[in-house]
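Just so you know, the sequences run in chain order A and B.
Heads up: the first sequence begins at 1 in the numbering used here, then just goes up one per residue.
Heads up: the second sequence begins at 1 in the numbering used here, then just goes up one per residue.
The hints are simulated quantities; they were obtained by calculation from the structure and are not laboratory data.
No residue lacks a Cβ here, since even glycine has one placed at the ideal position from N, Cα and C.
Honestly, I wouldn't trust all of these hints.
Have a look at the derived ranges for each label pair, beta carbon to beta carbon [claimed, not checked]:
(1) B:K57 / A:V30: 19 to 29 angstroms
(2) B:G41 / A:G72: 44 to 54 angstroms
(3) B:R51 / A:G3: 44 to 54 angstroms
(4) A:R15 / B:K58: 47 to 57 angstroms
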Amino acid sequence: GAGVSQSPRYKVAKRGQDVALRCDPISGHVSLFWYQQALGQGPEFLTYFQNEAQLDKSGLPSDRFFAERPEGSVSTLKIQRTQQEDSAVYLCASSLVQGNSPLHFGNGTRLTVT
Amino acid sequence: GENVEQHPSTLSVQEGDSAVIKCTYSDSASNYFPWYKQELGKGPQLIIDIRSNVGEKKDQRIAVTLNKTAKHFSLHITETQPEDSAVYFCAALSLGNQGGKLIFGQGTELSVKP
């Protein structure tokens, strides 16, 4: 079966531009997570959805970051007025249920802000 | 909140030797501890996980041990092969009012020399 799919794989944005990153989770997975991974670091939690409900957005760095999952499946992470410090790999992951069930990651979107 | 520390940051071994990576966590309520392998340009892939009701789990050449009292857990890879070369991340499930999220260590870059 298909895994978690993210698009685009690479995105170059000029500082100040808005970007939208897409995540298609594994079909039937209830939980969806977004993580940010800086070069040489571990993934850092951004936000979490259970179906269409955004239950935790405590990791979003600023109000320029916004995530949605309107129909409980595909999710979009939007970053407004991008800045150089936003450059990172953005990882999406899904799991069948909430809690201690395995998290399956996509290959990420590498965002470079110039 | 949960904090996960991982050591060493880099590890170089000869093919056939064993490799051990250690992690500590801070939240005694954490009950799920997965390990991920990340290859260049790819997302983290789950290789083994352990729940707090067991002290050890094995899967072929990979084993994980958990000491809840000391709040540390370790990954053991035996008979290492060049294809084991990658970055390995430990994680702990941080439980909150809105469900759980994985908190990751900083990663260990494992190099297996033929």
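- [ ] Could you check the hint for me, namely that G41 of chain B and G72 of chain A are 44 to 54 angstroms apart, CB to CB?
- [x] The hinted range 44 to 54 angstroms is violated for G41 of chain B and G72 of chain A, with Cβ atoms some 29 angstroms apart.
TODO: Go ahead and decide if the range 47 to 57 angstroms is satisfied by the Cβ distance of R15 of chain A to K58 of chain B.
DONE: holds (49 angstroms)
Task: Range hint 44 to 54 angstroms (beta carbons of R51 of chain B and G3 of chain A) holds or violated - done: Check failed, 23 angstroms falls outside 44 to 54 angstroms.
Task: Whether the CB-CB distance between K57 of chain B and V30 of chain A falls inside 19 to 29 angstroms - done: This hint holds: roughly 25 angstroms between Cβ atoms.
Checked against the numbered hints listed earlier, the structure breaks hints 2, 3; every other hint is satisfied.
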